[in-house]
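> Letter by letter, the chains look like this.
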Amino acid sequence: MALTLACGVFACGMCDALAAEAHLQQSATAPTPADPAAQTAANKRATKLVTDETGRSMAIPLNVQRVVSLAPNLTETIYALGLDAKLAGDTTYCDIPPAAKEKPHIGSAQEPSLEAIVALHPDLVLATTSINRAQTADALLKIGVPVYTSDPHTMAGMLSSTATMADLLGASEQGATLVAQLQKRLDALQAALQDQPMAHVLFVVWEDPLISIGQNTFIADALRWAGAESIIVAKQNWPQVSMEEVVRLQPDYIVLTSDHLAAETHEHVNNLRDRPTWRELRAVELGHVVMASDEFTRPSPGLVDAIEALARELHPEVFSTSAVALTPNFSQRTVGAGLRPAPTTAKGRPLSQFAVAGSRMEASTCAR
Amino acid sequence: MRPLTPRRILAICGMLAAILFVVVVISLRVGAYPISMRDIVVTLYNGAVGNGDTSEFSQVIFGLRLPRIALGILVGAALSTSGAGFQALLRNPLADPYVLGVSSGAALGAMLSLIIAPHTVGAIQLAAFIGAAATIAAVYFLGRRGGQLDSATLLLAGIIAASFLSAIIIFLLTLVNGPGLRSMTFWLMGDLTAPPPTQNVVGWFSFLYFIFIVAAGAMYTTSSDLNLILTGEQEAGHLGVNVTRVKLVVYVAASVLTGLAVSVSGTIGYVGLLVPHVMRMLFGTDYRLLIPTSAIGGAIVIVLADTLGRTIVAPTELPVGAMTALAGAPVFIYLMRRRIR
Numbered sequence: 012m013a014l015t016l017a018c019g020v021f022a023c024g025m026c027d028a029l030a031a032e033a034h035l036q037q038s039a040t041a042p043t044p045a046d047p048a049a050q051t052a053a054n055k056r057a058t059k060l061v062t063d064e065t066g067r068s069m070a071i072p073l074n075v076q077r078v079v080s081l082a083p084n085l086t087e088t089i090y091a092l093g094l095d096a097k098l099a100g101d102t103t104y105c106d107i108p109p110a111a112k113e114k115p116h117i118g119s120a121q122e123p124s125l126e127a128i129v130a131l132h133p134d135l136v137l138a139t140t141s142i143n144r145a146q147t148a149d150a151l152l153k154i155g156v157p158v159y160t161s162d163p164h165t166m167a168g169m170l171s172s173t174a175t176m177a178d179l180l181g182a183s184e185q186g187a188t189l190v191a192q193l194q195k196r197l198d199a200l201q202a203a204l205q206d207q208p209m210a211h212v213l214f215v216v217w218e219d220p221l222i223s224i225g226q227n228t229f230i231a232d233a234l235r236w237a238g239a240e241s242i243i244v245a246k247q248n249w250p251q252v253s254m255e256e257v258v259r260l261q262p263d264y265i266v267l268t269s270d271h272l273a274a275e276t277h278e279h280v281n282n283l284r285d286r287p288t289w290r291e292l293r294a295v296e297l298g299h300v301v302m303a304s305d306e307f308t309r310p311s312p313g314l315v316d317a318i319e320a321l322a323r324e325l326h327p328e329v330f331s332t333s334a335v336a337l338t339p340n341f342s343q344r345t346v347g348a349g350l351r352p353a354p355t356t357a358k359g360r361p362l363s364q365f366a367v368a369g370s371r372m373e374a375s376t377c378a379r
Numbered sequence: 012m013r014p015l016t017p018r019r020i021l022a023i024c025g026m027l028a029a030i031l032f033v034v035v036v037i038s039l040r041v042g043a044y045p046i047s048m049r050d051i052v053v054t055l056y057n058g059a060v061g062n063g064d065t066s067e068f069s070q071v072i073f074g075l076r077l078p079r080i081a082l083g084i085l086v087g088a089a090l091s092t093s094g095a096g097f098q099a100l101l102r103n104p105l106a107d108p109y110v111l112g113v114s115s116g117a118a119l120g121a122m123l124s125l126i127i128a129p130h131t132v133g134a135i136q137l138a139a140f141i142g143a144a145a146t147i148a149a150v151y152f153l154g155r156r157g158g159q160l161d162s163a164t165l166l167l168a169g170i171i172a173a174s175f176l177s178a179i180i181i182f183l184l185t186l187v188n189g190p191g192l193r194s195m196t197f198w199l200m201g202d203l204t205a206p207p208p209t210q211n212v213v214g215w216f217s218f219l220y221f222i223f224i225v226a227a228g229a230m231y232t233t234s235s236d237l238n239l240i241l242t243g244e245q246e247a248g249h250l251g252v253n254v255t256r257v258k259l260v261v262y263v264a265a266s267v268l269t270g271l272a273v274s275v276s277g278t279i280g281y282v283g284l285l286v287p288h289v290m291r292m293l294f295g296t297d298y299r300l301l302i303p304t305s306a307i308g309g310a311i312v313i314v315l316a317d318t319l320g321r322t323i324v325a326p327t328e329l330p331v332g333a334m335t336a337l338a339g340a341p342v343f344i345y346l347m348r349r350r351i352r
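Which chain is which? The protein sequence lines are A and B, in order.
Residue 54 in the numbering used here sits at position 43 of the first sequence; the count goes up by one each step and never skips.
Residue 198 in the numbering used here sits at position 187 of the second sequence; the count goes up by one each step and never skips.
Rather than coming from a laboratory, the hints here were simulated on the basis of the structure.
Beta carbons: idealized from backbone N, C-alpha and C, even for Gly.
Be careful, since some hints might not be right.
[To be verified] Chain B is nowhere near these chain A residues, computed Cβ spacing over 10 Å in every case:
| id | residue |
| --- | --- |
| 1 | T103 |
| 2 | Q146 |
| 3 | P287 |
| 4 | V329 |
[To be verified] Here's a subset of chain B near chain A, in silico, CB distances under 7 Å, partners left out:
| id | residue |
| --- | --- |
| 5 | A28 |
| 6 | G42 |
| 7 | V71 |
| 8 | L75 |
| 9 | A128 |
| 10 | T131 |
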């Protein structure tokens, strides 16, 4: 008896045709929560077998109408593709664009409520290895909810993930357009920076204890596109680094992300100048402290904005001379050419403002 | 206090089981997905007669809530029973699966399996058992002095083993970058969200409960002897109790129970320490009553803590380990102070 019940539960993940029929039957008997399921039931008939970037295989409906995003970068990608109508729910972390905050939340990225996800009747759930737990995807797949997990380690990986997600959501064209635009901007950046020496930077993920990035992270690759190279050489993704090592390696620049102390650049530099060891770093003395937007920690289309902004800060001479050549590209900052609103809000504020603040600060502190 | 009769044991356990039943019903009812009591009954009935109900109700009840409740009952019962066992074994109120390093051994085993074979079904559980068993053996032999199992030395050996193993865990976390390690850090906090590693959920839970019943049953057979040992080991020896054998049975059984709990839920604190103390205060120190009441009490505490954990900050969830520590510490202090007065 008990065995058949278990089989009944898991059969739904196996044969979708049966499951779809059962959904139709179900909607007749159970009124409220199952009604949206009935609407999507017809779409669930046709599925295709997909293997995600972590090697999990699943049947995903051909016509996906309801998506739940389990990470901020995925939510952002969905908006960049102009598919926010299909976004049924996201996490409490999803804040870009601001409209994402209005969507029903299914909990945090790391501790989501599986029930809340099921309650949104998703055709597809999107997850990423950089923030979600493997067991969330495992548990959802087990009860027959398809979960596509992306695993980008490079910008190329991010772009191909974006294209794949667009395909899954039935928006191949938008995906191709978006990816081509982003690639074009990256190529333009590479062309502009090709004669520049790499800036050696310390990318600070966390200040205390000091945690930086390993070579196999998308951040390390994003830095390379911005004409920078992490001074930390580590196989781990998020290595804890000793200050001694930083003193020995003397980075040209220190790159902080804006979300970890929520302060402006000059406050950060002053903070660092008040701290022993930090204040003796050449980069801190020179005020070579750059605030990257928190987009830098999210493998999403907005990361290209962040890369461009960082490149401007690290290689100002290139952008002051060849500004004419690059301006057309930067005028397209709106990811997906009008598919989502321009990032003019507090969160999406272009980094050049920080640059101004930063240099002003530099002047004042030098005078002091 | 009235004499302990089988009837009284059954009456008290029946009462606790009724409380557990109420807690389980509450846990089935509440959650981010709204389901009415009527739908729960219908879904449970459909599942029981096996008519292939694949509705979302069924997904939520049989796929999410019931497995979590079943796991919570198992983990709570196993941790509390092993805690009661360790407390008798060491005649030390501080004894608990964590103090003896058994939890750390299990966690290290689980972690090694995540590094070596991250996608092998059941590898984590097997490795946790092996880790726990190896730690038991090491602590047991380190804890012997002059051929006798000495409580103080055993406790020290356990503390040393726990910190040594934790150091290895931290070392590995720093060095290795396995795909499952993100889950692992959460795992060390203790939570019940990990799905069963096989498709055959009922078979999986039967396997886990079978181990529990064998280990807890073995411990229960020693309960009369444990009562005597608690009055004094020498006196118990004079009364014909094979003290070394009883201690060995309790130690192995309690450690198997800890390994069982850690392998499926990570390290959940306070339950093994607290529940037996509460049961002692409520129902007396007789182990014939203490072992079953601790088991049911532990199940109540974990299911309740997990239900709260997934509802109070909904839709986000709090790991059950955080819930037990949050609620457990103040309760423990209150009980301690009341007993002193």
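> Indicate, hint by hint, whether the structure satisfies it.
Right, here's what the structure says about each hint:
Interface exclusion of T103 of chain A from chain B breaks down, the closest Cβ pair being 6 Å apart, not more than 10 Å. Not every C-beta of chain B lies more than 10 Å from that of Q146 of chain A, the closest at about 5 Å, which undercuts listing it as non-interface. Distance to chain B confirms P287 of chain A as a non-interface residue, since its nearest Cβ pair spans about 24 Å, more than 10 Å. The beta carbon of V329 of chain A sits about 35 Å from the closest Cβ of chain B, which is more than 10 Å, so the claim that it is off the interface holds.
Taking 7 Å as the C-beta contact cut-off toward chain A, the hint placing A28 of chain B at the interface is violated, the least distance being around 20 Å. A least Cβ separation of about 5 Å between G42 of chain B and chain A falls short of the 7 Å threshold, and the interface hint therefore holds. Interface restraint check for V71 of chain B: the shortest CB-CB distance to chain A comes to about 6 Å, inside 7 Å, so the restraint holds. Satisfaction of the interface hint for L75 of chain B is found here, the shortest Cβ-Cβ separation to chain A being roughly 5 Å, below the 7 Å cut-off.
Taken as an interface hint, A128 of chain B does not check out: its beta carbon lies about 14 Å from the nearest beta carbon of chain A, beyond 7 Å. At a threshold of 7 Å, the smallest CB-CB gap from T131 of chain B to chain A is about 13 Å, leaving the interface hint violated.
When each numbered hint is compared with the structure, violations occur for hints 1, 2, 5, 9, 10.
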